[in-house]
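Protein chains: 2
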Amino acid sequence: MAGVSEATVSRVFNRVGPIKEETRLKVLKAAEALGYYPNAIAQSFARRKSGNLGVVLPYVPKVHIFSTYYFSEILSGIGEQVRELGYDMLLIFRKPGDDNGYIELFRSQKIDACILLGTTDTPEERKALRALKEANHPFCLVNQHFAGEDFLEVDADHEQGAYEAVKHLLDEGYRRIAFLNGPPGYSNSADRLKGYVRAMTEAGIFNPVDDPDEAIPAQWLETGNYSRTSGYESAFRFARHLDSIDAVFAANDRMGIGLIQGFRELGVLPGRDIAIVGYDDSDGARITDPPLTSVAVPFYRMGALAAKLLLKENADEAVSEFQEGVNHISGHLYQMATRLVVRSSSAGSQA
Amino acid sequence: MAGVSEATVSRVFNRVGPIKEETRLKVLKAAEALGYYPNAIAQSFARRKSGNLGVVLPYVPKVHIFSTYYFSEILSGIGEQVRELGYDMLLIFRKPGDDNGYIELFRSQKIDACILLGTTDTPEERKALRALKEANHPFCLVNQHFAGEDFLEVDADHEQGAYEAVKHLLDEGYRRIAFLNGPPGYSNSADRLKGYVRAMTEAGIFNPVDDPDEAIPAQWLETGNYSRTSGYESAFRFARHLDSIDAVFAANDRMGIGLIQGFRELGVLPGRDIAIVGYDDSDGARITDPPLTSVAVPFYRMGALAAKLLLKENADEAVSEFQEGVNHISGHLYQMATRLVVRSSSAGSQA
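Sequence order for the protein chains is A and B. First residue of the first sequence? That's 1 in full-length UniProt numbering, and the numbers climb one at a time after it. First residue of the second sequence? That's 1 in full-length UniProt numbering, and the numbers climb one at a time after it.
Chain A extracted, bound-state conformation:
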C-alpha cells in the first residue's frame, strides 16, 4: 500500500538504517490505515532478547525442592553460568501432569532458552518437547534421557555408576545385595537398574535374561520415591528377609540415609550387620553414622554445561571448557562420568 519493500517497513519501525523522511511518513500512514502499528512495534520488541534463561522445575506442594541436593546442585551450576554469561534465571514451577505451556514461555518473550529439570518420560511430555523442538526453541534436559528422540540432553552415566557401586559391594564379599530403586518414569532409575543387574549377572548371581526386572528375586527389589521417608519404610520391608540380604544399594542418598535410620531402629547396625551404599554423594552422606558410601554425580557441572550449551553459540567450545569427564554420546546427548566414594557404611566383608 505504501509502495515500498518489507525491509523498508521493518527499517521504519525499527529505526534502523537510513530512510527518506518522505518514505517514512508514507509507511506510517499506510500502517495506520491498515491498523498495523501495534503488531509491528510488538514484533520489534519481540526481537529484543529477554536476557533470561528459563528453568522449569516440578512443583509438588510441601516439598522443599531447593533443599534437595539434586536440584540445588544443578541450579547452582546453572546459576554460575547464567551469572558469568550475563543472564538472569527465570524459575518456572510446573505441577507434574500440568498442561505444560513451554511454548508460551518463549512466545511471550519471558525466556530466550530453557532448561527442564525433573521431567519424566510420558507421552504428553514427549509431545510437548517435540513441539518445542519443531518450533526451534532452544532447550536442554538435565539428568533425563528420552530414548529415540534427538533432544539436547546433559546426563550422567548412571548405568556405569550403579554398576561400580554394586561391583564394590561384590568386591567387599557381599553377594546377597538388594536394590532400592526410584520411580520407573525417570531414565536414571532405569539406568541404575541396568547397572545393578549387569554387575549381579557378571558375578553369576543373576541368570542372564532379557528383561532386567525378571532377573531379580522379589524380596531384593523395592521401589521408593527418592525421599528419606521411603528409604526408612523400605528398611522395615527388607528387614523381613534379613536372612537372605546382607547389603542394600539405594538409588539415592536420601533413601540410603532413611535405610540407615530404619535399620538402626531395628537394631541392625549399618556398616556391621548390613552394608548400605547410596547414590549422589550428597552432603548428608558425609555426616551420617556410619558415613555412607555413595556415587558422586557432577550435578553442579551438569547444570553448568547445560546452561553453557544453550547460551554459547558454539557447542564444541562450551564442552571444551569442561576439560574432562564429558562424553558426547551421539546427536545432542552429552554424558558425564560418575565416581564411587567409599566410606564405612559398606566396609568389611561378611563372606
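Each pair may be met inside one copy or between any two copies, as identical chains are not told apart.
DMTMM-like mimics (lysine to aspartate or glutamate), calculated; alpha carbons at most 20 Å apart, straight line:
no. : residue 1 : residue 2
1   : LYS127    : GLU149
2   : LYS49     : ASP112
3   : LYS49     : GLU104
4   : LYS62     : GLU321
5   : LYS62     : GLU84
6   : LYS95     : GLU84
7   : LYS167    : ASP246
8   : LYS62     : GLU324
9   : LYS95     : GLU125
10  : LYS127    : ASP150
11  : LYS49     : GLU84
FYI, nobody ran anything at the bench for these hints, they're computed from the structure. Being a predicted model, the structure only gives us computed values, none of them experimental.
Based on these hints, arrange chain B on the given structure of chain A.
Okay, now just chain B, sitting in the frame of chain A:
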C-alpha cells in the same frame, strides 16, 4: 503540537477507549514529526506487568548457594507463593559489593517486585535500598534488619532464639559456654550475640555492660563465616582452652557440624566431653553423631510471607493467612518466632 491532551495521546498509543480517526492521525503525525513513537510505545509496553517476582541472591564463585539450608528453604517458601499466586520467579545474582542495579531491574520491566536475600548492612546497600524505596518499587528483605529504616522486612527473633539456646545449656548445668558467631555485617549475627550475652548476664556469669562484646572473655568468642570449614577450624582454637570451656553455642548448624567433626578428631566427644548447640535446625542436625541440638527458624514460612506481602494487595490479609508465629513489630517489620529443638549433643550436665 497536535492540539490534544496527554490522555488522548496515551489513548492513541495504547489503543484504549474511543478515539476519532481524525484525532488519531493528527497525533500520529505530530508524534512522527517529534520522533516520539518508540518511547511512547515503549511506555505502553512498560505498563504491562512482567509477571515476575525478582529474588536477588549473593553470588560467590564456587559457593553452591542453593545447597545451603538457609537459602534453599527461603527460596522454597517463595516458590510456593509465587506458584500459588500465578507468578514466575526471576533469580538475579549479585556479587557482594557489586554496583547493585536494583532500580534498573524495575525500570527494564524484568520484575514487578523484589525479595533481597543475603544483604549486609553497609552504607552502599543502605543507599541503594533507600533509592529503591523512594522510587516506590516494592521490595522486601528477608532475615536482615536495617535499624533506623522503614523497609519491608521479614525477620526471625534471633535474639530470643539465641537466648533460649544458651538458657538451655545453663539449665543443663553448663556455665563455661563459648560462642561461635557469624560475620558482624548480618543483623542476625548481632541479634544472636545479644541473646547469648543476655542469657549469660542473667545467669551472673557476665557482668552487665553496655557493649555486649566487652562482656565476653576473649577465649570464649570466635567468628566464623557460617561455613562448615570455619566451624571445623574453630574447634582447634577452642580446644586450646578446653580447661575453661565446657559448651559451645554455634550461630548456625554448618558451623556446629564443623565443630563436632573437629572435636571428634581431637578425641573430644561432643555430647559427652563438650556440649554443642547449633542454629537453624537444618536437615544435617538430625543425622550427625550425636544429633545436634538446634534452634528451628521458619525460613520456609519467612520466604512465603515475604512473597505474599509483596504480591498481595493487602498486608493484613497476607499475614492473617499465616495464623501464628508472626509478630508485626513496627512499621513494615514482621518477625517470626524460633523454637529450640533439643537433641543429644547438649544432653547431660557436667556440673
